[in-house]
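K.L.:
Read top to bottom, the protein sequences are chains A and B.
Letter 278 of the first sequence, counting from 1, is numbered 278 in full-length UniProt numbering, and no numbers are missing.
Letter 140 of the second sequence, counting from 1, is numbered 140 in full-length UniProt numbering, and no numbers are missing.
Source of the hints: derived by calculation from the structure; they are not laboratory data.
If you're wondering where the values come from, they're calculated on a predicted model, not measured in any experiment.
Backbone N, C-alpha and C fix where the C-beta goes; we use that ideal spot for every residue, glycine too.
Here are the in silico distance ranges between beta carbons for each label pair: (1) A:Met90 - B:Ile54: 22 to 32 angstroms; (2) A:Tyr44 - B:Gly47: 43 to 53 angstroms; (3) B:Ala127 - A:Asp146: 37 to 47 angstroms; (4) A:Asp146 - B:Val15: 51 to 61 angstroms; (5) B:Gly47 - A:Asp142: 42 to 52 angstroms; (6) A:Met90 - B:Leu17: 34 to 44 angstroms; (7) B:Leu107 - A:Ser330: 44 to 54 angstroms; (8) B:Thr157 - A:Asp404: 44 to 54 angstroms; (9) B:Phe244 - A:Ser416: 39 to 49 angstroms; (10) B:Ile251 - A:Lys362: 54 to 64 angstroms; (11) A:Ala73 - B:Asp46: 38 to 48 angstroms; (12) B:Val252 - A:Asn233: 52 to 62 angstroms.
If you want the footprint, here are the derived chain B segments under chain A, 3+ residues with CB under 8 angstroms: (13) 36-42; (14) 119-132; (15) 220-226.
Just a few of them, taken from the derived set where beta-carbon distance is under 7 angstroms, the chain B residues facing chain A: (16) Leu208; (17) Val209; (18) Ser212; (19) Thr213; (20) Thr233.
These are the residues of each chain, in order.
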Amino acid sequence: MNSNARAALSRRTLLGALGLTGVAAMSGCAGSFQQTAGTVPGKYAKRQHVVFWHSFGGTPLAVLTELVAKFNASQSDIYVEAQFQGSYEMTMQKLATAIVAKQVPDICVLSEITWRKIHLADALEPYNDFFDGDVQPDQFIDQFIDEGTVQGKLWWLPFARSTPIFYYNKTLFEKAGLSADGPESWEQLQEWAPAIMRQKTAAGRPKVLALGSTYASWYLQSNIWTWGGHYSNGLDVKFDTKPVQAAGQWMVDFVRKHQAAYLSQKPDQDMGSGITACYLSSTGGLTQAGLNAKGGHYQVGTAFLPQHDGNFGCPTGGSGIGVLKYAAKSRKEAAWQFLKFLAQPKNSAHWTVGTGYLPVVKAAQQEPELIKATKDKNYLTALKQLPKTQPQDLIRLIVSSAGDTMDEQLTKLYSSNASVPDVFDRLDKKLGSLADLIRETYDSHYK
Amino acid sequence: MKTVGTGLKYLGLIVVLVLAAVPIYWLLSTSVTSPEKIFQFQWFPDGLNWQNYIDGWKSAPFGAMYKNSIIVTLAGALIQICVAILSSYAFAFLDFPGKRIVFLIFLGAMMVPGTVVLMPNFLTIAALGWVNTYAGIVIPGVGSVFAMFLLRQHMLTLSSEVTDAAKVDGANHLRILWHVVLPMSRPMVVTVIVVALVEKWNDFVWPLVSTSTDSMRTLPVGLLMIKDAQGFTNWGAVMASSVFIVVPVLIVFFIAQRQIIAGLTAGATKG
Chain A
1 MNSNARAALS RRTLLGALGL TGVAAMSGCA GSFQQTAGTV PGKYAKRQHV
51 VFWHSFGGTP LAVLTELVAK FNASQSDIYV EAQFQGSYEM TMQKLATAIV
101 AKQVPDICVL SEITWRKIHL ADALEPYNDF FDGDVQPDQF IDQFIDEGTV
151 QGKLWWLPFA RSTPIFYYNK TLFEKAGLSA DGPESWEQLQ EWAPAIMRQK
201 TAAGRPKVLA LGSTYASWYL QSNIWTWGGH YSNGLDVKFD TKPVQAAGQW
251 MVDFVRKHQA AYLSQKPDQD MGSGITACYL SSTGGLTQAG LNAKGGHYQV
301 GTAFLPQHDG NFGCPTGGSG IGVLKYAAKS RKEAAWQFLK FLAQPKNSAH
351 WTVGTGYLPV VKAAQQEPEL IKATKDKNYL TALKQLPKTQ PQDLIRLIVS
401 SAGDTMDEQL TKLYSSNASV PDVFDRLDKK LGSLADLIRE TYDSHYK
Chain B
1 MKTVGTGLKY LGLIVVLVLA AVPIYWLLST SVTSPEKIFQ FQWFPDGLNW
51 QNYIDGWKSA PFGAMYKNSI IVTLAGALIQ ICVAILSSYA FAFLDFPGKR
101 IVFLIFLGAM MVPGTVVLMP NFLTIAALGW VNTYAGIVIP GVGSVFAMFL
151 LRQHMLTLSS EVTDAAKVDG ANHLRILWHV VLPMSRPMVV TVIVVALVEK
201 WNDFVWPLVS TSTDSMRTLP VGLLMIKDAQ GFTNWGAVMA SSVFIVVPVL
251 IVFFIAQRQI IAGLTAGATK G
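Taking the hints into account, I'd like the entire structure generated from these sequences.
P.N.:
Structural data, given as structure tokens:
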């Protein structure tokens, strides 16, 4: 078998594993790609039409719509049409299908997980040649650029990035005689647990920590690092190592032995109704937390993620934007003008203030709009924590369904009597075999 | 002893009523609760906060979505019922080669989950240039094996003497279908129509995949647009929007309710 044929075959294996078999059918054949369906208002009919797929609903959708309208009004050559495509996962599925149908958008929002799959399917265009005098990679927050870079090329431009932060009921902490700044370490939180659980709320005696069932493995990533472990090193899964199991065991003890933590569907709502005193959530959840606090008549506080043994660790999450390799050159260049517009400090700051996502451009932090917003101390927590964050271990990001598989097993641990070594050893094998499915493609892209 | 039995029956009825009614009550009461109070447990809202309805209506282009949902639902259900009536008549009354095999293949298709055909369907409508059009949303969903099967089972229960008599009088197949079989199948046809209406109205994944622009989206997609996975969600507006999305379905259901109950049990025994 010659090397070309083998590469094609392994790509097909990968895409099969991703459920994107069709993408392989088109790889290598240079048929003509069209722009996906859209509508252009009459007054913009003569402009270069750029289609931008995204996954934002609610308030972020309103802010994005405003920014797109502002861009379209700011110049006379380009019309950007933002099209909502559902969650990050739905957007990726639709993008994969659209590639097979050869009717693609020009740029697309991709999460920290989905961009790696589209990259492995060779459907992204690197950004390196787009950068010019106005916008340079070093204007973005460094670790976000690092995360989007593979083999010296930038594939994924940061946009709606977030990290977890620690939310707590400040009023309750003060009543219990604890520091109003929140706990510094997991051990301190454990010491405080009895005092917290003695307090009285609308729902009776509160628990200390609500553990969310969604993205459980995103939050636990922090614990794994502070205990000195890793989910994986490259594709080599490390769930059978001591630090990982110790970190898992600590949390399981906090649930079972100390009766202080529990599995929750909606941790933020639980704090609102007084069931819990603390939870971990995305920086984007601050507005919701504030609203819940108003309804429950308490002050909400935010803090850095707790440490362990003086170690700190915090993973990044959220999404960025990829340029489709198959879009026509003129459309890619027009799309780049729009991305440059989003990267202007003023616009980046406006997006951040409106949505709670982190500012992806360094200079955004000097913008008056953002400075004003950070008068709220809770807002500042995420910004101060940002320089200390880092991308998650690769296994969760690159292996299809790894995140879901890990979340499933973690929620099982939080809600049953299963033993940590048993569950983690099994998880280690399962993730290992999932990783093997993409090993060859991974090697050809990352090594 | 008899009163105890009756009492138990009523108790059962009350339990079922509560199970069915509480979620609907919760939807209605939350839709008029001010957003910061939503996660405070309370049986009755403090006041009527209609602002949720205004916020909800404004947070997605619901006007256009209502129009699209109505067009897609009516067209989809109408074509589906026509196809289902004609095909079920064929399976019930016509003899043609390979009838059993074709029927079995159809039944087999019922076992295939919708998500499996999502991609082939998308590729087909993309090749036809139907992405982001009404035809693209409606046509792939018009063939319903379930509807055909339900009607066929019912048609098999009709006594052959009636159709034979019509045949003797010189009626052709279309005439028999229209004047004899359909009037006798009315409850079942209404059932199938209502099931189709509800299914099309609530359909989410296919309209999301087959359309791109807000101007072509349907109501369930709109509901997704006012929620955000990570950031802030105005649950009051979500609940209010849910109310004005389910109300049309509830109305259709209440009107057709009697017919449905008659329809679902009519084919139960072959008599």
